[in-house]
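Trainee: Sequence:
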Amino acid sequence: MLNDVYNLRILELAGTIPRIGRLAEPHASATAHSKLCGSTVTVDLRMEGGVVTDFAHEVKACALGQASSSIMARNIIGSNAEELRHLRETVRRMLKEQGAPPAGKWADIEVLEPVRDYKARHASTLLTFDAVVDAIAQIEARDAAAAKQEVM
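In terms of UniProt numbering, the sequence shown is residues 1 to 152.
Quick caveat, the hints were computed from the structure, so don't treat them as lab data.
There is no bait here: all hints are sound.
Distance ranges between label pairs, derived from CB positions:
#1 Ala120 / Lys148: 40 to 48 Å
#2 Ala144 / Lys60: 27 to 35 Å
#3 Ala103 / Ile77: 17 to 25 Å
#4 Arg74 / Ala141: 22 to 30 Å
#5 Gln98 / Asn7: 17 to 25 Å
Heads up, the beta-carbon is just placed ideally off N, CA and C, and yes, glycines get one too.
Input sequences plus hints: build the corresponding full structure.
Mentor: Written as structure tokens, this is what we have:
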């Protein structure tokens, strides 16, 4: 039932999203949008040496998008680029391929596992992960271009 998706823990996470707002000087910003439900998440990211040092986001999403954004904001500082790319893929597999939820500091994502039965809700649940990976790609591309310029 849809009530299993919107459980108390998801509603608690959605109601207590940390790091709301925008960074004054992000290294990258990215927005992910779900055409199906209209949810949007915009993230600002700062990284040093491939590790997230600061994060903020604007979340205009349903409770599922809010809950996943809340989990992201609680755990992203100190995470590295590869971990975050792997996390996005793990969550995607959890929703679309019956994969296991992540463990460790990302274990709260397990609360989103019932979403797998509602394909129309997958996009909003994945928004924050997609936006973070997009921002990381922007930072890496900028750093690679700067390194190439130094060589020339």
